[in-house]
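Asks: Go ahead and model the full structure; you've got the sequences and the hints to work with.
Quick note, the sequences are listed as chains S and W, same order.
Here the UniProt record's numbering is used: the first sequence runs in plain steps of one and ends on residue 469.
Here the UniProt record's numbering is used: the second sequence runs in plain steps of one and ends on residue 486.
These are calculated hints, taken from the structure and not from any lab test.
The beta carbon of each residue, even a glycine, is placed where N, CA and C say it ideally should be.
Watch out, some of these pointers could steer you wrong.
Pair ranges (Cβ atoms, derived) [unchecked claim]:
1) W:Glu64 - S:Phe52: 30 to 36 Å
2) W:Tyr160 - S:Val49: 47 to 53 Å
3) W:Ala70 - S:Val397: 53 to 59 Å
4) W:Leu414 - S:Val359: 58 to 64 Å
Simulated crosslink set (DSS-like; lysine-lysine; CA at most 27 Å straight-line) [as the list claims (entries may be wrong)]:
5) S:Lys355 - W:Lys21
6) S:Lys94 - S:Lys146
7) S:Lys10 - S:Lys94
8) W:Lys460 - S:Lys355
9) W:Lys212 - W:Lys325
10) W:Lys369 - W:Lys436
11) W:Lys460 - W:Lys369
12) S:Lys418 - S:Lys355
13) S:Lys26 - S:Lys10
14) W:Lys407 - W:Lys436
15) S:Lys355 - W:Lys407
16) S:Lys431 - S:Lys94
17) W:Lys460 - W:Lys24
18) S:Lys393 - S:Lys355
19) W:Lys107 - W:Lys24
20) W:Lys21 - W:Lys107
21) S:Lys355 - W:Lys157
22) S:Lys148 - S:Lys10
23) W:Lys212 - W:Lys407
24) W:Lys107 - S:Lys431
25) W:Lys460 - S:Lys393
26) S:Lys355 - S:Lys431
27) S:Lys418 - W:Lys436
28) S:Lys431 - S:Lys418
29) S:Lys26 - S:Lys94
30) S:Lys418 - W:Lys460
31) W:Lys369 - S:Lys418
32) W:Lys21 - S:Lys431
33) W:Lys164 - W:Lys107
34) W:Lys107 - W:Lys460
35) W:Lys436 - W:Lys325
36) W:Lys157 - W:Lys107
37) W:Lys107 - S:Lys418
38) W:Lys164 - S:Lys355
Each chain, letter by letter, is given below.
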Amino acid sequence: MLTDFFILMKQELVITVIIFILLLLKIGTDMSNESFINLTNGLLLLNLVAGFVGSQSGTLFDGMFLTNPLIVLEKNILSLGTLIVSLQSADWLKRHDHVSEFYILLLCTLLGMFFMISAGNLLMFYVGLELSSIPMAAMANFDLAKKKSSEAAMKFIISSAFASGLLLFGISLVYGATGTLSFSELSLQITGAPLQIFAFVLLLAGFAFKISVVPFHLWTADVYEGAPVAVTSWLSVISKGSVLFVFVAVLNSVFRSLTDTWYNMLFVLSVLTILIGNLFAIRQNNFKRFLAFSSIAQIGFILVGITGSPNYAITSVVYFVLVYVFSNLAAFGVVALVSAVTGREQVSDYKGFYKTNPVLSWVLTIALFSLAGVPPTAGFFGKFFLLLSGAGKGNYVLIVIAALNMIISFYYYLRIVKAIFMDANEQPIEKLSIPAYPRLAMIICVAGIIVTGLAGYLYDYIYALTYRL
Amino acid sequence: MSLSILILLPLITAIALLLCKGLKPVRLVALSGAVVQLIGVLILFFYYWQQRAAGNTDAMLFVEDHVWFAQLNIHYHIGVDGISIAMILLTAFVTVAGILVSWSMEKLNKEFFFLLVLLSLGAYGFFISLDLFTLFFFLEVAVIPKFLLIGIWGSGKKEYSAMKLALMLMGGSALVFVGLAGVYYNTQTVDGAHTFDLIQLAQLHIPEAVQKLFFPFAFIGFGIFTALFPFHTWVPDGHSSAPTAASMFLAGISMKLGGYGCLRVAQIMPDAAQYYSWIIILLATIAIIYGAFATMMQTDLKYINAYSSVSHCGFVLLGIGMLTKTAMMGAVMQMVSHGLMTALFFAAIGMLYNRTHTRQVAQLGGLLKVMPFITTVFVIAGLCSLGLPGLSGFAAEVTVLMGAWEKADAWYRLATILACASIVVTAVYILRAMGKVIMGPLQVEGGATITLTDADWNEKAAAAILIIGIVAIGMAPFWLTVLINH
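Replies: Structure (structure tokens):
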């Protein structure tokens, strides 16, 4: 029993231990920022490696906590993203007074996500979700001197509380309608009674808030703009990724019998999300806002993938999130570096960027191409499989709309590439030196962007994991 | 010999380019890569010829098949038939010529040659793909280099043209994607799996309703790449804004991706091709005539060639739309012929422009006296374009028209006659432009102080390579017809 406990919860335990180590170090020693960052990065690397050792399926605490190889993989993807974010923010954190607090908050949210992904019960899910979102508000406020940062935190906490309220209401209705909160029992109890559908709609709205699906996306752009870049990238990739993992799993397990109902809802939501995300992204001038709207559009494409048949939906979503971790973090990495050194965050600042910073330009360009879905980057494969998964349902209207929207998204990504390579600028961003950690993060991201797609083995591996469920 | 070398070689060249510094090593690496590739393609051609002569009747030769995404039944599946060989030959010739023409490219030379090589890689991969997924993959690989080539090294309203081209071609691929997905999900192989495999799809009978629904997506998608009317508008802007080598690649190789794609689509969905044949013919005929008349009104040499490309690519679609064996063969010949001819034309225009700094017909005159070589090249390209017997244009267009005449229906006859008549218009604009530019008193407006020199060795070599191809097809078209027909 005890060994089971250690093996099945190994990732959560490792994170908890790291949190405690950091706390003790903060209290007991007087480490410099730099050595603290070095140590934490080492621990995060250790955490990532530990994630790959020995994965088993099983449940704990009477079905509250469950794990299987797919869930372990999902957690590993998040751990990888955490490591990359940490490497990228090293430069910014070095000059910050509260490094240890930042890492502790970061790891608390990660822990919350892990519990959320492993949840086998709506209560557990809710607790994990809260653990992952409340520290996030504190993180959004981490540019302590900036007003916008506080504003972002405030907006985030309010909208997140609202989403949690909806979720709780939905959960309570689910309990009222079925008398249970356990996923395995719920999947048998849900039959499509009106009350259950109402409860489902509330849950869906809660999820939609967290992954910023239109019309629940209004908080996204402001929070992204105000929060420090490290937090923004964390929010847009890791936080959304974790909720997506749960979302696609819950839809296909607990609410499997309502498939026809949620298919239509997702159809409408995905079309709206892609369209609104795309149209707003065209108009943005702040790079972080731009990435916010482009990430909304990406979520729309993911929803198209989710509408597919269960195994393909789960596979393509997990695969896409992995791709998205690399591509979006590569883009954020460059933006973070530029913003940390020069404080410039406008798209127009990037005019003539290639003349002064060819390497960073290529990294950013590759990242944008991957987000746009241009081969041979991984983004092409990710988008292709999402849309192919969606097409499996035979609803070609949705696929045509999504495919045509690819053109719009292409336009705004190319607009930035055009600024980088073709536009003249009298005051280009000066030549930046790339410190070791961000450089390492960029290498990981670019390698990931190139390898993830071409290595077909990965997709099949993920599919094999979903098939075993 | 492994066919993957065709993809690996440009890849190695591209990586080697990234490690080089300075114009001289860069262009040397690029050229040697392209020449080795050309030699490889010629060897492949002879091997292929031998195999066929020895009585090998497989649909595709030198097939390689590796599973890529097992769960989705996506394969890295490559192989060649005569049509692919013809297109690969074209690509190899144009690539070498394009690199030679850009010999003295100073601005960001490493990136320039890198993108050219990447573009050729996309084309090679596309022409040898036997799996629709890899086909689609390489189709898109070839789009982005064009955007950057035009946007960075182009002239005139280059950003606009680059964006227009990229978005329209992406629109084309989006439509192609829908077509592919539809075909994929609505067909099943013997063992019940979905497939992207071209050979299997051609053998399976795709249900007629499915064909009718998805043929337009795939065909129009590929059609956009080959200037299908009314989606041809990216062609004039893109071609005229692009730097010389990019124009050559664009018109010579990249537009052929679309034609080749349309051909394959018509092969896997024959019923729908039959059903929609009259629309294809209608659009192709409009493109031929409209393109020809639009060319008459142009004053810029690049625009003249770009619009005439719309007209000439109309012949490709006409040949495909007629669906007779001869016409289809003519379509392939026209693709090869037009690829070589238009690359030569753009090369000549580029050479003229480098020296005179103008492309306006009205501002040029009497250049034959000072630049005999370049103007001769220009004339050869022009004569090929208007279909002079002995050059490739004649052989190709005659084959298309003969194939078209096999369709006895009045509608097809009318289209054939109209297309045939457009050649007169072609003659008008070609002869008029040529007469003005090369004959008469010497005149270069706005550049009178420039000393005009004739072609350098690299330009001569580029032109010679393309002219060899044009004459080889024009004088002895039988080798190409035999190649395609096998």
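Asks: Given the proposed pairing of lysine 107 of chain W with lysine 431 of chain S, does the C-alpha separation stay at or below 27 Å?
Replies: It holds: about 20 Å lies between the C-alpha atoms, which stays within 27 Å.
Asks: Taking only the CA atoms, is the gap from lysine 418 of chain S to lysine 436 of chain W under or equal to 27 Å?
Replies: violated, 38 Å
Asks: Are lysine 107 of chain W and lysine 418 of chain S close enough, with their CA atoms no more than 27 Å apart?
Replies: Holds - the C-alpha atoms of lysine 418 of chain S and lysine 107 of chain W are around 17 Å apart, at most 27 Å.
Asks: Between lysine 418 of chain S and lysine 460 of chain W, does the CA-CA distance stay at or below 27 Å?
Replies: Violated, at about 34 Å.
Asks: Check whether the Cα positions of lysine 369 of chain W and lysine 436 of chain W lie no farther apart than 27 Å.
Replies: Within the cut-off at roughly 13 Å; holds.
Asks: Quickly compare the C-alpha distance for lysine 157 of chain W and lysine 107 of chain W to 27 Å and report which way the hint goes.
Replies: holds, 18 Å
Asks: Between lysine 212 of chain W and lysine 407 of chain W, is the straight-line Cα distance small enough, at 27 Å or below?
Replies: Holds. Lysine 212 of chain W to lysine 407 of chain W sits at ~22 Å (cutoff 27 Å).
Asks: Does lysine 21 of chain W lie within 27 Å of lysine 355 of chain S when you go C-alpha to C-alpha?
Replies: Distance ~16 Å between lysine 355 of chain S and lysine 21 of chain W Cα, so the pair holds.
Asks: Does lysine 94 of chain S pair with lysine 146 of chain S here, judged by a C-alpha cut-off of 27 Å?
Replies: OK: lysine 94 of chain S and lysine 146 of chain S at ~18 Å, within 27 Å.
Asks: Is it true that the CA of lysine 355 of chain S sits at most 27 Å from the CA of lysine 431 of chain S?
Replies: Holds, because 9 Å separates the two Cα atoms, which is no more than 27 Å.
Asks: Need the status of pair lysine 407 of chain W, lysine 436 of chain W: alpha-carbon distance at most 27 Å?
Replies: violated, 40 Å
Asks: Can you let me know if the beta-carbon spacing of alanine 70 of chain W and valine 397 of chain S is within 53 to 59 Å?
Replies: Given about 30 Å between the Cβ atoms, the range is violated.
Violated hints, listed in ascending order, are 3, 7, 8, 14, 15, 18, 22, 25, 27, 30, 31 and 35; each of the other numbered hints is respected by the structure.
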